[in-house]
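The task is simple: from the sequences and hints, build the whole structure.
Each chain is listed here by its residues.
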Amino acid sequence: MSTFNSADIAAFNGGVWVFCEQRQGTMMPTSFELISEGRKLADELGTKLYGILLGHNIEGIAKELGGYGADGVYVCDHPLLENYTTDGYTKVICDVVAEYKPEMMLIGATNIGRDLGPRCAARLHTGLCADCTHLDVDMGIYKDFLREASTLAPEKIDGLNTAMVLGEKHDVSRDLKMTRPAFGGHLMASIICPRFRPAMATVRPGVMKKAPFDQAKADACEIIKPNFSLTEDDMDTQVVEVVKAAKKLVDLIGADVVVSVGRGISKDVEGGIKLAEELAEVLGGVVGGSRATIDSGWLSADHQVGQTGKTVHPKIYVALGISGAIQHKAGMQDSECIIAVNKNETAPIFEIADYGICGDLFKVTPMLIEAIKAAKAAK
Amino acid sequence: MKIIVCVKQVPDTSGKVAVNPDGTLNRASMAAITNPDDLNAVEAALTLKEQTGAEVVIVSMGPPPAEAMLREILARGADRAVLVSGREFGGSDTYATSQILAAAINKIGVEDDDIVMCGRQAIDGDTAQVGPQIAEKLGLPQVSYAADIKKEGDTLTIKRMLEDGYMTIKVKTPCLITCIKELNVPRYMSVGGIFECYSKPYEVFDYNTLKDDPLIDPATIGLKGSPTNILTSFTPPQKGAGMMLEGADKETCEKLAGILAAKHMI
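Which chain is which? The protein sequence lines are A and B, in order. The numbering of the first sequence is numbering that gives the first Met the number 0, which starts it at 0 and goes up by one. The numbering of the second sequence is numbering that gives the first Met the number 0, which starts it at 0 and goes up by one.
Any given hint could turn out to be false.
[Stated by the list, open to error] EDC-like, lysine to aspartate or glutamate: derived pairs with alpha carbons at most 20 Å apart:
(1) A:Lys362 to B:Glu250
(2) B:Lys171 to A:Asp233
(3) A:Lys342 to B:Asp248
(4) B:Lys171 to A:Asp232
(5) B:Lys171 to A:Asp235
(6) A:Lys372 to B:Glu253
(7) A:Lys372 to B:Glu250
(8) A:Lys247 to B:Glu162
(9) A:Lys243 to B:Glu250
(10) B:Lys262 to A:Asp353
(11) B:Lys249 to A:Glu369
(12) B:Lys158 to A:Asp301
Because the hints were derived from the structure by calculation, they are not lab data.
Written out as structure tokens, the structure reads:
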């Protein structure tokens, strides 16, 4: 157990780790995203990248992580780890971390990751930054990111090499810079964990890009089976059942095209959603919605785009009748091409739209569907 | 039986949010509200109170004006309130905050049939970390993302939401639960409640109240006790405005389709 004001940081030289979440033996997509991101961080640090995988009868899915950049995977297999429990997973992860001492650990910010991360960080006595959307080690790359993604003055960015920590100047060049939105996306903050290890981050699913898969690297991936102990006595919660949602959930994060609707469909909710579905079909995409459409019960929660919903960066994002509150923008502003249709010409969505049409979505959308069909047919 | 509910007063980020030139938030320009998920936790506690006769104790860490929020929750039906407030607690990150709140909850006392409840996350930080971290510091089992709670004897059966479905989890008291908005619809204050809320027990815990708890030490709270530091904060730039197409007719739509085709986007 670390003392309160410092840990033996040099001892934590066990590389960058990624908690690789699986459910019912299937790897969560965010595990591949984080391995890909973790590879970059490990290279910047000049260290190794490991996955840590917990479950039962899951060794068969471990090596695939190597194909996205993992040098090795710590596989913790136990019947009591078959389903996720806070108690079981926290015990095993903290025991293995204490033995192998990673420098950093990334966890997908899923409902499970955001349950597990804080519990582990509290037990390990280290810092955790929630729901990160950008991670850096290398100062040059970090500063380039700030030049592009912030409104900070250039000289302020140039001088950003140290932080005041307990009254002393601390060199941040080897720290993990964890950047995340706060206050509903109105502010961004870069957080460091200068005095404790591992520096921990939960990372928003869908934000980090998955690297191309490399079979040779997957074949070379080392499987490590760490020692740990886990008994019924360690378990305070009991999973009675795991139920998958009956209807297929919309895959917003993986979609190339997202057509979202907002409050603008209120005069004919069914008609508005139907138009969005038709447009999405023509463009080969899926339907999303603003928070208002989810709160009103017009669309189920899996459709929500925005700060409290999902972050998407499709090739085409169409906003139908969405005003563009900052919470919504936070979830879609990095889309390659944004098309907005709104009756109100001062709607904030037009500030970030690549192409804007000021008009009634119920009139414009059918014409747009026809025009796109015609343009595709002419190709 | 007691139900201890942690609540937080937050700036209303759904309205207009002003940012100061130095990149910090202009809190004075924003309304202070009770964090929405915390009201679901309060409602869950009040529902269990109706079923079991439990006492509902609300606890919040914040500056003295947070009293107004606590009085409001007393008016909704909670029995007593504790405000954890002190200069020494300022600058705490989620880790240090959970140490302080855990110490306050220890002071209130957690017995075998008690439950601690929190909202899933606060809308100012959106971290969802303080609930699980309090549970760890108190050594209690936790169930987060609760969308349904049933109590039989000392066993709670909780529907814990996942992105692609849910888990049903059984846990015994004492335990900590974090609540989401799907759990219930928070009730309003009652007229009787408003009359009573100023006569219900209200306490302030400061540093001296909590300093004998092993979790509390000058090095474990506030900025010094926070494992994380803010390196910098900033506002994102607005993406440059694109092209407003003229008109909203067939021709406009054809023009847009033409652009998308020319860029090989369709």
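Outcome of the hint check:
no. : hint                 : verdict
1   : A:Lys362 to B:Glu250 : 13 Å, holds
2   : B:Lys171 to A:Asp233 : 14 Å, holds
3   : A:Lys342 to B:Asp248 : 13 Å, holds
4   : B:Lys171 to A:Asp232 : 14 Å, holds
5   : B:Lys171 to A:Asp235 : 8 Å, holds
6   : A:Lys372 to B:Glu253 : 10 Å, holds
7   : A:Lys372 to B:Glu250 : 14 Å, holds
8   : A:Lys247 to B:Glu162 : 12 Å, holds
9   : A:Lys243 to B:Glu250 : 46 Å, violated
10  : B:Lys262 to A:Asp353 : 13 Å, holds
11  : B:Lys249 to A:Glu369 : 9 Å, holds
12  : B:Lys158 to A:Asp301 : 18 Å, holds
In terms of the numbered hints stated before, the structure departs from hint 9 and from no other.
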